[in-house]
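Student: Just so you know, the protein sequences line up as chains A and B, in that order.
Going letter by letter, the first sequence gives residues 1 to 214 in the working numbering.
Going letter by letter, the second sequence gives residues 1001 to 1546 in the working numbering.
These are calculated hints, taken from the structure and not from any lab test.
Please read these numbers as outputs of a predicted model, since none were measured by experiment.
It is possible that some hints are incorrect.
A partial selection of chain B residues facing chain A, derived with a Cβ cut-off under 10 angstroms [claimed, not checked]:
no., residue
1, Pro1150
2, Thr1151
3, Ala1156
4, Ala1158
5, Ala1162
6, Thr1163
7, Ile1171
8, Arg1265
9, Glu1447
Chain A is nowhere near these chain B residues, computed Cβ spacing over 10 angstroms in every case [as the list claims (entries may be wrong)]:
no., residue
10, Trp1009
11, Arg1048
12, Leu1092
13, Val1167
14, Ser1262
15, Gly1303
16, Ala1439
Here a beta-carbon is modelled for each residue, glycine too, at the ideal position from N, C-alpha and C.
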Amino acid sequence: MSALEVRGIGVDFDGLTILDGVDLSLHSGEIVALLGPSGSGKTTLLRVIAGIVRPSSGSVLIDGIDATALAIHRRRVGMVFQDNQLFPHRTTIDNIAFGLKMQGVGRAERLRRAALWLDRIGLTGFADRRVTELSGGEAKRVALARTLVAEPLVVLLDEPLTGLDRELHDRLMTELATLLRATGITTLLVTHDPDEAAVIADRVVQIDAINHPA
Amino acid sequence: MAGNRLPRWLVVALAAGPATGLAVFFAWPFLTLLAEALTGETIASTIRRRSTRTVVWFTLWQALVSTAVTIALGLAPAYVVARYEFRGRTLLVGLLTAVFVLPTVVMGAAFLALLPDSLDRTVWAVIGAHVVFNLAVVVRLVSLAWEHLPTDMESAAATLGATPRRVFAEITLPLLRPALTASAAIVFLFTFTSFGVVRVIGAPGTRTIEVEVWRRATQLGDLGGAATLALLQLAVLGAFVAWSAIAQRRSSRALDLRPAISRRRPVGRTEVGRVRAIAGASAALVVAPLLALVVRSFSTPTGWSVSAWTNLGRTEIRPGLRIGIDPIDALWNSVRTAAWATLFAVVIGALASLAIAAAGRSGRFLDVGLMLPLGTSAVTIGFGMLITFDTAPVDWRASWWLVPVGHALIAVPFVVRATLGVLRSVDPDLTDAAATLGASPSRAWIETVVPYLWWPLAVGGALAAAISLGEFGATSFLSRSGGETLPIAIERLLARTGSLLQAQGSALAAILALVTILLVVGVEHAPRIAPRIAPAARRDRSRRRT
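Isolated chain A (complex conformation) (with noise of 0.2 angstroms):
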């Protein structure tokens, strides 16, 4: 069984047709990298998995559960946002904790595990940074820390790696494959960049194979 199954996933916005047809299967740990150029509908299929956009057409499956009529918040579908979207309220360790907070982790427990994951990301001692100080790589470290702490079944990036200047984007590029392999989790990750997919990814799908227009 798939765990994460899309099909025939078809998305119109005002009378536009963004995605068309789209056939995708995930098994297990896989991890997937979504290759295309932008304008190619990458984001809306994440979008779409995560529940953020209805489909016109197609179903999404999740551990084989049908997953297309469900709230965003019943899915247990991790997303990283490509501009992060962390809480500019709350500090880093309460942005990192805040999937398990939902969960209803008790105080103590929830900070002792997001703590862990702060040392994983090598963040130790940026627990009451506010998240407005966080440089670009440091950011994007801990909205990647906050999805994967409350253990999705699914985790989708959307261009983790883009806007990050050239060191910086391939050093996180090899801690992100670590880190993913490490923890096993079922990924689709969205990209423009060829190397960055074959990093990543153990399997690399183009965009433009699996859309097909009508």
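Start from chain A and add chain B according to the hints.
Tutor: Same frame as chain A, but now just chain B:
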């Protein structure tokens, strides 16, 4: 700032007029008021009096309730305005704003007309009027913050397992808090100092501090007590403003995110329905009182009639019985008063703006000084003038110009704000260029700066006229029998029983509402039709508006 380099003596000469006016008509009356209040015994006896405590308590709780209800009702329209693109969106915001600028007596009259007899002379009418009045503050400020709050941030919280309710509580609400605090502070200030609405509705037992100042000064002759209360209110307001400034600075520290606005059309039947319902209900909430006002002006016990309108000029309510209020006279008094107030405000405002722009740092004193009357309540200004200019050689109470001067005092800051921005954005190179062509400093300035002044002065003048036409607080103290302005006449008419008088009061209020809305809508659209403002000036104006 260069470009206005005037000879020193000219700057002093320009500033002299506004500074003298401020000293004579604001500072002196204010000091007189202080002296009146600051006799130890007056303060002690006023504060000890039980009615004082009752009044302060009423002022406070009605302001708190009005503020809470305004915020609660403003959230939904702020949300649809911020998040959705729909037909009538601009109209909705425009309606709310138009209501916000209405004179207080008009809003009071509208609620009298709207509510059934069992409710119309109660504190609930007062609170209702406050809410409708100030809804625009909440909707405009909160929607501005809301439309800049990324929807993806809420989605991010949802992917982390937050239910819609928790997303609102944990993400949306905290991020809107600075805007909510700011709008709550403004609404609280307006409702705490409410005067016109409370006077017109005239519910028994509803006396704000402002109303009590007026009652003690003009009805009971207790000048000391009135002065003490006026100062008490000023102290409370000062403390509140200081506190809210600190609170707002603290809560807005880190949240400087300003991403692009992402409004979209509502999708699906439920979403469309929700947006329509919220927008429709909000529009109905602000339109209903105004419609009721018009309807009331045509209703008599015997059915529909235009008699209130056709009889506006007749003072006899029954053959041989006069009530001493002539609506048509009041209309003309108001027009005359507004014309003079506008003239005073524009002249003083123009002189002050030129002096402030040219004087550099020391100009700030005049700038802040001219703003002070806005921070002081109109009631306090009128009261101060009343007790100052009542003995020879300054017994000016009967002078025709005293009311327009009081109005001008309140309107000058608006003229200055409109003008100063334009003045400061005139490119200094223009003046230098004129100088290299042989113009003396004064001549260069006249040639390059003065041509830009006409338009902002026209805008400031329109605002001054609108302020004067609706002014009620200061006028309550300064207006003389026979010289009643529209707001005074409306209050008097509506205080009487008799459906013809009520209908006449409503008719006058409708006229006043229409004129005010036309003036302010004209000003709102002024930047788009401004003919002569330099591009730099226009940029500056648009920046100041956002």
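Student: Could you run down the list of hints and mark each one as holding or not?
Tutor: Hint check results:
no. : hint    : in the structure
1   : Pro1150 : holds, 7 angstroms
2   : Thr1151 : holds, 8 angstroms
3   : Ala1156 : holds, 4 angstroms
4   : Ala1158 : holds, 4 angstroms
5   : Ala1162 : holds, 5 angstroms
6   : Thr1163 : holds, 5 angstroms
7   : Ile1171 : holds, 6 angstroms
8   : Arg1265 : holds, 8 angstroms
9   : Glu1447 : violated, 49 angstroms
10  : Trp1009 : holds, 51 angstroms
11  : Arg1048 : holds, 46 angstroms
12  : Leu1092 : holds, 23 angstroms
13  : Val1167 : violated, 8 angstroms
14  : Ser1262 : holds, 12 angstroms
15  : Gly1303 : holds, 52 angstroms
16  : Ala1439 : holds, 51 angstroms
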